[in-house]
Amino acid sequence: MRALYRAQLWVQSASDAEIAEAMQPFFPDSSIETLSAVAQSYRATDSWTQTPVMSEDSFTRLQDIMESAGELSERVEFTELVDNSFAEAAVEEAGK
Numbered sequence: 036m037r038a039l040y041r042a043q044l045w046v047q048s049a050s051d052a053e054i055a056e057a058m059q060p061f062f063p064d065s066s067i068e069t070l071s072a073v074a075q076s077y078r079a080t081d082s083w084t085q086t087p088v089m090s091e092d093s094f095t096r097l098q099d100i101m102e103s104a105g106e107l108s109e110r111v112e113f114t115e116l117v118d119n120s121f122a123e124a125a126v127e128e129a130g131k
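One point on numbering: in our numbering, the residue at position 80 of the sequence shown is 115, and numbering is uninterrupted.
Hints listed in this document are in silico derivations from the structure and should not be mistaken for laboratory results. Remember, predicted model here, so these are calculated numbers, not experimental data. Possibly wrong hints are sitting among the right ones.
As the list claims (entries may be wrong) - Here are the in silico distance ranges between beta carbons for each label pair:
#	residue 1	residue 2	range
1	Thr95	Phe62	27 to 33 Å
2	Ser65	Thr95	17 to 23 Å
3	Ser66	Leu107	17 to 23 Å
4	Asp99	Glu123	35 to 41 Å
5	Arg96	Thr69	36 to 42 Å
6	Ser65	Trp45	17 to 23 Å
7	Ser65	Leu107	25 to 31 Å
8	Met58	Leu107	23 to 29 Å
Heads up, the beta-carbon is just placed ideally off N, CA and C, and yes, glycines get one too.
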């Protein structure tokens, strides 16, 4: 969780080109220009979260998307599935 949060912090300060360069090894068939455009699009639509802590609204949206795609047969209560304690600890630890 700490590594995920460090990556989220890096994305907040990195340029689209830097993000594209970091993504390149995972998408070798995509150009830097394409990956940079993807990073720009994600940033413009606020698709990258600021912290690993999942809000109830985000969880609901995720279930909405999964349901629309036909991948979710039954909704689950936020409190039954989400445990933010590790994410909250990672954020707190980074702030020290």
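The hints, checked one at a time:
no. : hint                       : verdict
1   : Thr95 x Phe62: 27 to 33 Å  : holds (30 Å)
2   : Ser65 x Thr95: 17 to 23 Å  : violated (32 Å)
3   : Ser66 x Leu107: 17 to 23 Å : violated (34 Å)
4   : Asp99 x Glu123: 35 to 41 Å : violated (24 Å)
5   : Arg96 x Thr69: 36 to 42 Å  : violated (26 Å)
6   : Ser65 x Trp45: 17 to 23 Å  : holds (20 Å)
7   : Ser65 x Leu107: 25 to 31 Å : holds (29 Å)
8   : Met58 x Leu107: 23 to 29 Å : holds (28 Å)
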